[in-house]
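The residues making up each chain are set out below.
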Amino acid sequence: MVNLTIDGINVSVPEGTTIMDAAKSVGIYIPHLCYLRGINEISACKVCMVEIQGKQKMVTACSTPVAEGLVIYTSSPRARKIRRTNVELILSQHDCNCVTCVRSGNCSLQTLAGHMGIYEIPFKSQVTKAPWDNEFPLIRDSSKCIKCMRCVNICDRVQNLSIWDVQNTGAYTTISTTDNKPIACTDCSLCGQCITHCPVGALKERNDLPQIYDVLADPNKVTVVQIAPAVRTAWLERIGMPEGIDSEGRLVAALKRVGFDYVLDTSFSADVTIMEEGSELLERLPEIKESGLPMFTSCCPGWVSFLTKKYPQLLGRLSTTKSPQQIFGALIKTHFAEKTGIAPENICSISIMPCVSKKREAALLTMRSNGIPDVDIVLTTRELVRLLRADRIDPTTLTDQPFDSPLGDGTGAGVIFGATGGVMEAALRTAHFVVTGEEAPADAFKVVRAQQNDYPDASANSKVVLGDDDERRPPVRKECEFAIGDTVVRTCVVSGLGNAAELVEDILAGRASYDFVEVMACPGGCVAGGGQPIHDNEEWGEKRSAKLYELDCERTLRRSHENPLVKRIYEEFLDKPLSEKSEYLLHSDHVNDGNYQ
Amino acid sequence: MSRLKVETPDQVQLTVERLYKDLERHIVASPPGLCPVDLQLSFLKVCQAQTCGKCVPCRVGLAQLQKLLEDVLEGRATMDTLRLIEDTANSITDSADCAIGYEASHMLLAGFVGFREDYVHHIKEGCCSVHANHSIPCVALCPAQVDIPGYVALVGAKRYQDAVKLIRKDNPFPTACALICEHPCEARCRRNMIDTSVNIRGLKRMAVDMAHADTVPVPEKAAPTGKNIAIIGGGPSGLSAAYYLEIMGHHAVVFEEKKSLGGMLRYGIPSYRFPRERLDEDINAILSTGVEVKLNTRIGNNEGEIPFESIHNEYDAVYIAIGAHTDKKIGIEGEDSKGVISAVEMLRGIGDDIMPDFKGKRVVVIGGGNVAMDCTRSAIRLGASKVCIAYRRRQEDMTALPDEVEGAIAEGAELYGLKAPHHIEADENGNVAALWVEPQIIGPIDAWGRARPIHADVDLLRIPCDIIVVAIGQGIESKYFEEAGIKIHKGTIEALESSELEDNEGIFAGGDCVTGPATVIRAIAAGKVAAANIDEYLGYRHEISCDVEIPAPTLEDKRPCGRVQLSEIEASERRDNFLHIENCMSEQEACQEAGRCLRCDKFGFSSLKGGRNTRW
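Chain order of the listed sequences is A and B.
Per the working numbering: the first sequence ends with 597, consecutive numbering throughout.
Per the working numbering: the second sequence ends with 616, consecutive numbering throughout.
Simulated from the structure, these hints should not be mistaken for lab results.
A portion of the hints provided could be inaccurate.
What the hints assert, rightly or not - Rough simulated footprint, nothing fancy, chain A against chain B, three-plus residues with beta-carbon under 8 Å: (1) 27–38; (2) 170–176; (3) 408–420; (4) 553–561.
Stated by the list, open to error - Here are the simulated DSS-like cross-link-like pairs (lysine-lysine), alpha carbons at most 25 Å apart as the crow flies: (5) Lys-55(A) to Lys-558(B); (6) Lys-602(B) to Lys-24(A); (7) Lys-124(B) to Lys-181(A); (8) Lys-124(B) to Lys-147(A); (9) Lys-602(B) to Lys-558(B); (10) Lys-581(A) to Lys-567(A); (11) Lys-46(A) to Lys-558(B); (12) Lys-339(A) to Lys-221(A); (13) Lys-124(B) to Lys-129(A); (14) Lys-361(B) to Lys-386(B); (15) Lys-602(B) to Lys-46(A); (16) Lys-147(A) to Lys-359(B); (17) Lys-57(A) to Lys-359(B); (18) Lys-55(A) to Lys-158(B); (19) Lys-46(A) to Lys-359(B); (20) Lys-129(A) to Lys-67(B); (21) Lys-361(B) to Lys-338(B); (22) Lys-124(A) to Lys-158(B); (23) Lys-258(B) to Lys-479(B); (24) Lys-339(A) to Lys-576(A); (25) Lys-338(B) to Lys-294(B); (26) Lys-57(A) to Lys-558(B); (27) Lys-57(A) to Lys-67(B); (28) Lys-124(A) to Lys-81(A); (29) Lys-129(A) to Lys-147(A); (30) Lys-609(B) to Lys-310(A); (31) Lys-558(B) to Lys-158(B); (32) Lys-124(B) to Lys-55(A); (33) Lys-81(A) to Lys-558(B); (34) Lys-386(B) to Lys-329(B); (35) Lys-124(B) to Lys-329(B); (36) Lys-181(A) to Lys-609(B); (37) Lys-338(B) to Lys-328(B); (38) Lys-609(B) to Lys-147(A); (39) Lys-479(B) to Lys-328(B); (40) Lys-124(A) to Lys-329(B).
The beta carbon of each residue, even a glycine, is placed where N, CA and C say it ideally should be.
Given the sequences, and given the hints that come with them, work out the whole structure.
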């Protein structure tokens, strides 16, 4: 242990602890801006400067480890002065029109300046406005960028995509796409991790709310909204609801209050995904075993985009099953339209997703049935929150409402799609029944969950392959083997595109072999998606996935094939998984998906 | 009222003078990869501040040029802007009254030619074409990319063994480089911005003196691959490649034509600069990896030689690192007189302990490079009665390190600057009697910024002597290899950046035989590059790394502090023997010197991009 004094308080912390963490351990908060634990530790903003007694030079608390006997002042006159100057300098290059900023109220710079009482900036404003492709689902506003470099590092180090780079030198240094390519021509997967890790409003999703208001105003349009599993875990976070309130029913009620006609649950189409993808896996298994190459899940469009651009030779290994969003969209414009008697062209299919990449997925030319798009508008969780806020809807005053029928409800298996490992677990629950004709306990495959490292289960061999990097990334790989009937199924779950890239390299080099692989582009899965509410310097993925698993436990039906609505749609409409109709509506040939290019 | 007064600089002037010096040092330490147009703009601002303001072109023109450059940098310029910049600069050049104006526009126009592409990139692409590359300056400038801040910190922490291990990750000749490296790493050391560069070589010397290389175990080898690689030439480049290939699990066989290993380190550098036993420390460590050595073995078609063809067939890959060991002729009358010897010949003999008899003789060394100084100082040690250096330019134009020139002078050498060798006079027995030189005056500066000597209107000068050593450069013995099908260009082997030979699969080449005579660290770097690419060529991807943990930077303030220099044995003590002349620093000095390092591996751009390479 190292002993030191911070602001007159004696502190004892393990060697290697930073001054910032040491201060935090005794309740002293040192302001900071660019720092992102494990990812962006570059001490660039110089906001966390502290003074060490006897030293002329001040140090950054975020990057300087403690040393025995140091006497540190975090708010000495010099520290205050320097911190203030640096924040003023940052503000001089920041567009301070906060009222029109999406991050107003959740902006680290705004908070910092507010807490420091900066009401005027002594420097001349030097705000640059670089052009941007505003059609693209990811928007960069250079006038808001404070060059903290977090986007560069999260894309480089966590997602291995290097979309962002430092451009120019000297005072002209800024952030741009690598080689200044138009963003639509880059390999951007739209995972949105740069957005959720941006401390200010420089990165955001394309605002699709104006389209929502247009359809709500159109008397000829019937609005049908689907809500992804991960959205329900997060939509109240920034509204500040007390814990333990069932937010699913309230979310339905809130959306009805906004004026949407039908509110459905994407968990239902996730159940359909399982029926299709599970059947596809069993059908492809002999070929998988023979080739030694796995089938990859295809429900994450960030991952599909990544594979399209980086490893097009593996596109044939993707499941052809569409994602739950697209399956639901296709069913809404066909079966749902038939059942309700609404003309498909009068339906506006809207999905609310924890994801930015879904905006692009919905627009792909392959994601259409009978020539019309399966999904018309995609909103992120953050846009949903803005939508409710605009109408001043107070969730505490709402009473729960059920999802609409037909096609309303999903099982627990559909709900856990939002967490890394969820698709795999849901698929295994159903695969077991299809192969053996017997139901396995719903928790039998819990071991595939990323955080579940010590779950005793005799039927599975599991191994967690950890990376050598840092604690912020989830386990690099979760490998399991299950004996289902006479077959051993070798599964693997990864999240985060950096982890995925390593996995793909290993598979291509023959260092790893699996039967079925689940990949989610965002570290931790959709719960930590790029469209989720932002909590600067905090990762809420685990908290949210715990909520999903709670919801799964609370459901009476926890296996996709048990869903009566699913059974009925196969009886009435689709016939059986992989039927001709299913193939037409619910599957897509990713190989010919030119739109990602 | 007094008619005259004694001018003394006031406080303002004194401060400005000091700032000029600060700026000079700041510029010296400029990191690579800066936007050249932005720099140009800054230079222009300095020039404008020097303007007295009398004349239009300088007063107004330089200001307008700045605005135009700002337009380029801020995305407001078109190709017309470039034409306007060029025209304006040209008219300033032609019409400015004094050098303040016309030299400012000269600088601008030089940039216009030198990095026009970047101007155009700014205009067409809206950004700079140069990539931010402010990585660690010393590492960036070291051809072998040795982890300098890492071993400097280790020396500061008195962890000498670890320092040697860390150096070896990129350079298996820590001792050689500690003693005789030309230390390009020090050139742009960021410490220059505070006072002067860190004595990096001196700190490496501390490491290898406190932990001799042959006492520091080499890293564990990878599993044997069964691949055999022939290395032609046992100098620094060949041995470096052999070392890394062995670590990677391959087997390296070195073919050396001479009696001992070391190449120019043994046969080019005299032992007073690099004692043989110190060279053996590096070589023994390298050989401890299992490198096989075949001495006195020449590649060729003559009897007792091994044809290249058979080596190529027998081995999985070949690395040619034969160095540059032939002498260059000076081409003047009387060159074949008895007593005229080449530097290569002289130093090669000394390398094999065959000392030429210079006792009581008058020796003239022709040349101004490091080899000329080595010959001069060796001749003094061999007992010559008088040693002088004949050189056609001035002392400051010599390519030898200034320390070497001064060392030679201190030991008694006489310098005949601006004396171009004209012819050699021999006596009736054909023995050298004198060197006739043609006095020169220094003349115009050439395109590379070097002043050219021109003929002086005076008579030839006679320098009586018994021995003439010609040290005007070395060549490569490339003829045999050319016949064996290796491409030779202007006397050197033509190899790609990867050290592969185009159209010769499995053959690699590097070191002096590719670059022409260069520094030891460049030869080592070439060996490292070859090892990596041979490994890749053989279908592997072995990584070389070092698990030594590097100390965190200390919290000490970086106050200006003098640089510790390595002292030398006094000239009178050292001039009659071949004992090592340079002393190591003390532990106190080493700790202070290591503490001067600004740790660019932790602070600055490297914490964002291009930081420490822990493996290759």
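* Holds or violated: Lys-147(A) to Lys-359(B), with C-alpha atoms at most 25 Å apart -> violated, 70 Å
* Between Lys-129(A) and Lys-147(A), does the CA-CA distance stay at or below 25 Å? -> holds, 14 Å
* Asked: Are the Cα positions of Lys-46(A) and Lys-359(B) separated by 25 Å at most?
  -> Roughly 67 Å between the alpha carbons, so the hint for Lys-46(A) and Lys-359(B) is violated.
* State whether the coverage of the region 553–561 of chain B by chain A holds or is violated, taking the criterion as 3 or more residues with Cβ-Cβ distances under 8 Å. => This one holds; 5 residues, not fewer than the three required, reach chain A with a Cβ under 8 Å.
* To do: Below or equal to 25 Å on CA atoms is what counts here, so check Lys-81(A) against Lys-558(B).
  => The given pair, whose Cα atoms are some 22 Å apart, holds under the 25 Å limit.
* Proposed proximity, Lys-46(A) with Lys-602(B) (alpha carbon, max 25 Å) -> holds, 15 Å
* Asked: Within 25 Å, alpha carbon to alpha carbon, are Lys-339(A) and Lys-576(A)?
  -> Between Lys-339(A) and Lys-576(A) the Cα gap is close to 19 Å, so the pair holds against 25 Å.
* Restraint check for Lys-339(A) with Lys-221(A), where alpha carbons must lie at most 25 Å apart -> Within the cut-off at roughly 17 Å; holds.
* To do: Given the hint that Lys-479(B) pairs with Lys-328(B), test it: the Cα-Cα distance must not exceed 25 Å.
  => holds, 15 Å
* Hint consistency between Lys-124(B) and Lys-329(B) [alpha-carbon to alpha-carbon, up to 25 Å] -> Given pair Lys-124(B), Lys-329(B) is violated - Cα atoms ~52 Å apart, limit 25 Å.
* chain A covers the region 408–420 of chain B, three or more CB atoms within 8 Å, holds or violated -> violated (count 0)
* Between Lys-386(B) and Lys-329(B), is the straight-line Cα distance small enough, at 25 Å or below? -> holds, 24 Å
Consistency note: the structure conflicts with the earlier hints numbered 2, 3, 16, 17, 19, 22, 25, 27, 32, 35, 40.
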